[in-house]
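> Quick note on the numbering used here: the sequence shown kicks off at 1 and runs consecutively.
It is worth saying that the hints were derived from the structure and are not from the lab.
Treat the hints with caution; some may be incorrect.
[Unchecked claim] Computed cross-link-like contacts, DSBU-like style, restricted to lysine-lysine with a CA-CA straight-line distance of at most 30 angstroms:
| # | residue 1 | residue 2 |
| --- | --- | --- |
| 1 | K41 | K11 |
| 2 | K41 | K53 |
| 3 | K33 | K53 |
| 4 | K38 | K20 |
| 5 | K38 | K8 |
| 6 | K53 | K8 |
| 7 | K20 | K41 |
| 8 | K33 | K8 |
| 9 | K8 | K41 |
| 10 | K53 | K20 |
[Claimed, not checked] Pair ranges (Cβ atoms, derived):
| # | residue 1 | residue 2 | range |
| --- | --- | --- | --- |
| 11 | L30 | D67 | 15 to 23 angstroms |
| 12 | K41 | A83 | 28 to 36 angstroms |
| 13 | L84 | I25 | 29 to 37 angstroms |
| 14 | R17 | D45 | 18 to 26 angstroms |
| 15 | S62 | K8 | 34 to 42 angstroms |
| 16 | K20 | S85 | 45 to 53 angstroms |
| 17 | G75 | P49 | 34 to 42 angstroms |
All C-beta atoms, glycine included, are put in the ideal place defined by N, C-alpha and C.
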Amino acid sequence: AWSNGRLKSAKHRVLIRGDKDRFSIAAFVLPNKGTIIKTPKELIDEQHPRVFKDFDFMEFYSFAFSDPARSRDSGQVLYDFVALSPPVPS
């Protein structure tokens with residue numbers, strides 16, 4: 001949502017050769033309660049209309065772990081929660 005859909009997550013996988021241990025580190029960002037996520041105005045123009053509405057992160061977090069969202073692809077949950085349809089210029 002911050003990039004207005006212009007930046008995509010990298011797809012990756014890990015291959016381990018032989019019988020070696022694999023170590024993973026997860027890093028998460030959890031903004032303060034009441035934090036509003038919105039696309040910077042610099043990323044919205046005629047060629048790149050606004051794709052997402054502003055949203056309260058904790059409301060999204062609650063939705064993402066709700067029963068209706070659990071059956072969805074994780075990449076689709078954000079779109080289901082905050083996507084504007086159709087995108088609108090600002």
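> Which earlier hints turn out false for this structure, listed by number in ascending order?
Checked against the structure, the hints that fail are numbers 4, 7, 10, 12, 14, 15 and 17, while the rest are satisfied.
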